[in-house]
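Protein chains in written order, with numbering that gives the first Met the number 0: chain A, 0 to 367; chain B, 0 to 155.
Honestly, the hints are just simulated from the structure, not real lab data.
Just so you know, not all the hints are guaranteed correct.
Covered by chain A, per the in silico footprint, the following chain B stretches (three or more residues, Cβ under 8 Å) [stated by the list, open to error]:
hint, stretch
1, 45 to 53
2, 91 to 98
3, 103 to 112
4, 122 to 128
5, 137 to 147
Under 8 Å between C-beta atoms, here's a sample of chain A residues computed to sit facing chain B [stated by the list, open to error]:
hint, residue
6, S52
7, I138
8, A141
9, G248
Anything over 12 Å on all C-beta distances counts as not near chain B; from chain A, calculated [stated by the list, open to error]:
hint, residue
10, G6
11, I11
12, D179
Think of the CB as a built atom: it goes at the ideal place given N, C-alpha and C, for glycine as much as any other residue.
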Amino acid sequence: MYVAVKGGEAAIDNAHRLLAEVRRGDTSVPELSVAQIREQMALLVDRVMTEGSLYDPDLAALALKQARGDVVEAVFLVRAYRTTLPRFGASVPLETGAMAVARRVSATFKDLPGGQVLGPTFDYTHRLIDFALAAEAEIEPAAEAEPRADAATCPRVTDLLAQDGLIEASPADDGAPVGDLTREPVNYPADRALRLQALARGDEGFVLGLGYSTQRGYGRTHPFVGEIRVGEVALEFVPEELGFAVPLGRVRLTECQMVNQFKGSGAAPPQFTRGYGLSFGQSERKAMAMALVDRALRAEELGEPVTSPAQDQEFVLAHCDSLQATGFVEHLKLPHYVDFQAELELVRRLRTEFEQKSDAVEMQEAAE
Amino acid sequence: MTPNPVGPEPGPGIAARQAVMALCADASRSELEAALARLDVPAAEDLRPPETGLVMATGRIGGDGRPFNLGEVSVTRAAIRLADGSTGFAYHLGRDRPKARLAAILDALWQDPAQRARVDAALAEAAARAEAERQQAARRTAATRVEFLTVARGED
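Between the sequences and the hints, there should be enough to build the whole structure, so can you do that?
Right under this line is the structure:
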């Protein structure tokens, strides 16, 4: 239990002033602008937007500057900011099939309608430190090529498999209300839509670790990356006063379609199952891990034994949020003086009782 | 929360208005200022002062299934009325209130058939810039198109 304390006002003020100066660092080094963070630390900005659950690159970059680059602290700032804003409503569901693809790869088919494009990727780099980046070297301009005729339409890999009935269909849109964990506390069991919302804003490290655990055998799902695509999608919203879909602009997203082990029964022919991941910006690791855990959490639905952490939705959903986790862990460093005094009293009393008891035993032994 | 219905299929007038709205959403504030500078703009009053809020972006399970809440986006909206009584609206990603107000004025002007061609012309530069950027992005992406080959192993 936490009991409030008071005092320390001047010290706290001074600590925050010191923080401001330390945040700035050596003043002989030029100060970072928010635009520099947004442009040059783009994947970090994407992560803060994804886990902060708010798409706003400038705001995420500013939060990172304020947080001295601490991701969870930046997520905290973004989440706190969003609570100050009214919500206009929910968007028209994003049409990822119409994405202007900047990157698209498949580990299941080498020849895809629309083709595979690598885009800007760390894949196939040698992971050797590039000391040229420490100097301000000129960059060779990116290569250009005429897009092929089929590049404009990129059907999802899962649609290709679906044509032959080899993969399960996505759950149909039945028009039922969509649960929102920012509005109502999660009740278990949570449906897949709510689980995906939690995973989408979940800590990348935690979700990655859980996804990895399924690969190592704790709830194995035999995954293949059907497709990863990164690119821009138009986001639309229907304002009440207009009654038609207004284009808000384009958002950059990463989508992962995981194709998993098949199942069948006496009644149904065998077919592949699926896991799904979607995140803001270019966040491939997150989208992949999310898809792995999404599939693992479907264990019960698919008649698989629930034996591992990644399959336990209460375990996953209750612990994947970095802000909730850090709140409870970090509160331990706040003054717990009253609480600890009580424990101290108890330990002293127990020790006294223990000593009295052993004294009594010794006296008895001496007497015998 | 239920995602907004897509509503009835918009008519050709709505589709053209949506295209101008999309163009304004993609444009920068200075591009919209430049566009308005090329037009005779009557005085505009706020129907609703520009305001920043949130829209919950919804995705679909598997890309094409039941909706789920992905996360919110910051959105700024503005609604204005021109001196002649016509109204204009704007909803944009981000937090730029002056930009949303400029777009709402352009929306009101564009709805007047007598002004439409002039508004389109005033926005032509921004449209050309956006189109050139899209094409360059597509060309850069196309240069990274990859053909993977599988290699047969063992004795044949």
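Hints, one by one, checked against the model:
Restraint check on the stretch 45 to 53 of chain B versus chain A: 4 residues with Cβ-Cβ distances below 8 Å, three needed, restraint holds. Given as covered by chain A, the stretch 91 to 98 of chain B passes the check, having 4 residues with a CB less than 8 Å from a CB of that chain where 3 are the minimum. As drawn, the stretch 103 to 112 of chain B meets chain A at 0 residues by the rule of a beta-carbon pair under 8 Å; below three, the given contact is violated. Residue count for the stretch 122 to 128 of chain B with a Cβ under 8 Å from a Cβ of chain A: 0. That is fewer than the three needed, and the coverage hint is violated.
Interface restraint, the stretch 137 to 147 of chain B with chain A: holds (11 residues with C-beta to C-beta distance below 8 Å; minimum three). Look at S52(A): its Cβ gets to within about 4 Å of chain B, closer than 8 Å, so that hint holds up. Checking I138(A) against chain B by beta carbon gives a least distance of about 13 Å; that is not within 8 Å, so the hint is violated. Using the Cβ-Cβ criterion of 8 Å, the hint placing A141(A) at the interface with chain B is satisfied: the shortest such distance is roughly 5 Å.
This hint holds: G248(A) has a C-beta 4 Å from the nearest C-beta of chain B, less than the 8 Å allowed. Every CB of chain B lies more than 12 Å from the CB of G6(A), the least distance being 38 Å, so the non-interface label holds. No Cβ of chain B approaches the Cβ of I11(A) within 12 Å, the least distance being about 30 Å, so the stated non-interface status holds. The non-interface label for D179(A) is inconsistent with chain B: the shortest C-beta to C-beta separation is roughly 5 Å, within 12 Å.
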